[in-house]
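Taking the hints as your guide, dock the two standalone chains into a single complex.
Letter by letter, the chains look like this.
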Amino acid sequence: MTQKPDARRIAPQEGSAVVCRDVFKHFGSGQARVDVLRGVDLEVPLGRTTFLVGPSGCGKTTLISVMAGLLTSSQGNVELLGEDITKMWKGRLVDFRSRNLGFIFQQFNLIPALTASENAAVSLVVQGYTLASAKRISNQLLDKLGMAKNRDRYPNQLSGGQQQRVAIARALAHNPRIVICDEPTASLDAEAGHVVMQLLKDVASGPDRAVIVVTHDSRIYSFADFIASMLDGKILEYGPSEVLIPLLKQS
Amino acid sequence: MLLIALKMLFYDKAKFLGLVLGVAFSTLLINQQMGIFLGLLNRAGAIIADIPEADIWVMDPGVKNLDTIFPLRDTELGRVRGVDGVKWAVPLFKSVATIRTNNGSLESSTLIGIDDASLIGLPQTIVMGDVRDLKRPDAVAIGKDGFSKVWRDEEPALWKTVELNDRRAVVVAIVKDSPKFTSSITFFTRYSQALQYTNNGRNQMSFILAKSDGVKSAEEVAKEIRKRTGLLALTSQAYRDKAIQYVVDNTGIPVSFGTVIALGVIVGISVVALMFNLFVLENLRHFAVLKAIGTRNRRLVCMVFVQSLVVGFVGYSVGLCGAACFFEFAGRNPNFTGFFLPWQIAIISGGVAAGIISLASLLAMRRLLFVDSGLVFRG
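Here the protein sequences come in this chain order: X and R.
Residues 2 to 252 (this note's numbering) make up the first sequence, in order.
Residues 18 to 396 (this note's numbering) make up the second sequence, in order.
It should be emphasised that the hints constitute simulated quantities derived from the structure, not laboratory data.
Some hints here could point you the wrong way.
[What the hints assert, rightly or not] Quick partial rundown of chain X residues pointing at chain R, CB under 7 Å, derived from the structure:
| id | residue |
| --- | --- |
| 1 | Val35 |
| 2 | Thr62 |
| 3 | Ser66 |
| 4 | Leu94 |
| 5 | Asn101 |
| 6 | Phe104 |
| 7 | Ala114 |
| 8 | Ile138 |
Every residue, glycine too, gets a C-beta built ideally from N, C-alpha and C.
In isolation and in its complexed conformation, chain R is listed as follows (with noise of 0.2 Å):
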């Protein structure tokens, strides 16, 4: 009987079709919004996520996120240094800086300053280059997707010289970061570089970075700093939530994404659900005849859910496909980068298919099962 149920179901190709298309099109929408979604809400947080070495940020209190910045002054080092439990505390650096591209455009970007020292705060990955050439007068390193923008149809290389803030500028390594919020071209330089480029002078702290020393937890640490120095010191991963919070509740982005989501799932189950209605409909007189000759009703109910499964299998199948091959085309612009599909997601979504066409099939078998067996006797 489910071999038959099948043969039905792939008779109508345009029909088969409709019903695979539309569960895909909800399948995609879903796996292609939520993931770029997921990957703004990591942009938000992703100059933290770049630095693992450090697991204490401090900051101003009035600190919301990466991008509002209340300068420390220098002095808070030496007091977050001197906090029992702390391993060492770096002065991290962050700005704006315009720059000129090579076509001739002029260009937003982050500029970050780290550690002279140590070069603490500079991504993990370094694509190209030497970062001991960081010490060196105007060296920058910069990532690897603000390259491609700075310097557009041009191959990733060394010793290229830019204008940062009006000010010369050598790239001396080339790393691999993730994308920010505001801009995808990120320089790093020294700290004491970075003031340089900004004109500005003592007092300019951003960030301190601070290592617990693993005899007490971050956690621990971290309320140690706020009560020693009533500055807002957060282990990384509270930052890095605080941060994606403040864009979950300051941003119209979720209700955005969430109502084109939901507009998903709505076309989908519309779709599908009046389309399998139509394919019972327009197979009930079949189905009655089945019935007539002996099929009992559970049968019946099993044919329409294996019908169902197969569309749902098949239009989750192609829809989660195009989401990744979305992912993987739009990958390769630098615009997209840090945008992928995780695969809770595909989870998600796959429970969302399987609930449009539960609930397409639901609504079909409410027909099927209170279908008259006596209408093939009608013509």
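Bound-form chain X, shown alone (with noise of 0.2 Å):
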């Protein structure tokens, strides 16, 4: 039942948030050369949630980094949403990413001077939004997200839980077509790792959408759709959760 790494035989029918062929990083160069990524092909489809699973210092966190153009690759191609971007210009790359992409990362990365509603609407304030019209935006998906109470106050004065919803709702204010999660749930005990992946699945989730979840925590591979499980930089198993977490379980 598992997949060889062919990315053309997943999910052919659903349309593609993002491909990566024959994607090589490195960092370094002579002997200090370290190859992180050694030929990664993968395609994630749109309107699905994907997770990318694998031991500590695999590739995954610099795969989603490549991914979402915040690394450039040594060799290969990205394509995002249909577009190359390894040939984009650096400016317009920049314009791309902050229109489709949205993150949630494992420190949550909330700034401290702002509270909770205008951390959430800094994704639209950077496109251009005025600070009161993107917390109006913002506030509704806090709302949404169960934080109406806790809008005004400052990330140290809310926990791990409602801090992950802050960052949520400041991946998705801007409405973005992929949203990429790094660690979501590593700072959360169980209960509220499943609350805020049961949030992610509810809010982020879409047809044209997909979500892409980099994560070590087992305990939620059942919110997956497709798991890629990576090793030394290579994927090295890609396919429907239901068929991939059984294996993953017995290794």
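In structure tokens:
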């Protein structure tokens, strides 16, 4: 049942959010050179939640950084929503990213000087909204995420789960088509982790959207539609979660 | 984005205060030290500034400043008066006299002997009294600040007596004079009276004050006096510049003040650069987040620029207010009169503050521009 890492065999009918073709990435040079990605082929479908799993140091974070255009690949192509970002001019890539990508980080990365409402509004402000109008939009999202009473609190006044909800609101406020999450439940307990994943699934999913989650947390595998397992800079296995989860648990 | 930048700046109040104080410290030091320095230089030419009626000063060719004086013969006055272009010429005597203050201590004072007939040489502003009373025996006028040094804690009053070189002197007028470089107590009396106070005989004229007739310029008349008499004749401005230049060239004052100002600037740059760098470093992850979610570098630069602008403006304002307060309150002390804060210094210090904050923000921006936005994914 396990499929080899041939991207073209995955989700052909749904359209692709991300397509990676033979992506290599190395850091340093000479003897200090470290090859982190060694020929990654992966197609992330729209309308689905895809998990990237694997041991520490296997290249998951580097892969999502390359997918998001935060790092440039040493070799290979990356297409986001049909556009090859490896050939994109830097300024256009930044605009493209601000319109189409949302990020959720392990450390939340909320700005401590801003309230929950202002933090959630940042992604809209980046697009040119005034802070006041951006807050009106982000407040609706915060209400939807159960944060209505905490809008005016600062990050240090919020629990980990609440901070992650603000981070989700920030990632989704500008209505991106791809949401990239890096260990979104790593700083949360099991219950809060499940709540956050459920919220993410409810709010971020849609037929023309994709959610990519990098995680170590096997407790949340059930939220995945597809799982790509990585090892030593390569995709080891990739397939529907109902197939991959038993195999991952065995291994 | 700029509002977000300001919120980030004001959030860490201790750091914001440190940044502001760094700029304020430099601004205060530059203004205060330069103000005192200029005040001291002005003192070097204070007597000249107090006698605006005379536009030419005639003296022995060996005179370099206002304190080292070689007396002129009385006959030189007639020779100067005879030079073409001279409207009038009067003698001026300058010496040092010892006085006894109301608490019994001895103080050094400056004694100025002015023309007996015209009283040219007396400062323009009369605070109290009638200058015609200077014609009385033993009559002197005293500078306002000098009065408060001789009669401490007493309100200015006339007809008070003082021992001037062990001779009786009666204060008949109080004038507003500029503070001098060496002594803040100055007495003005008639030329003939001044000679009695100093027990000097004839040929004791320190300077000859002259006025050009308006047909020829002061420079031309001074040149003519030099040619005809062999004495050194300078316009008021030229003599004032010469006296100031003497202080600059022959005292350690410029080096001393320059060193303090340089240290202020260096400390300011160091503190502000360090703290601003630290501020950006602490917020680097947040700037990286903004970069990752689509903020262009030029907007990040704008954010840092606005932050530095606010720090510079607030710090400069605080420093300038501090310097203004210093001169306002210190000016009430007779020892500090004449020190002031010229607008030119305020502008110069503004430029220095802008330089400090620009340098600090440029160093910080270097980090910002090259921040790896992939940093956001690292734990």
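Hint check results:
no. : hint   : result
1   : Val35  : violated (14 Å)
2   : Thr62  : holds (5 Å)
3   : Ser66  : holds (4 Å)
4   : Leu94  : violated (9 Å)
5   : Asn101 : violated (9 Å)
6   : Phe104 : holds (6 Å)
7   : Ala114 : holds (3 Å)
8   : Ile138 : violated (15 Å)
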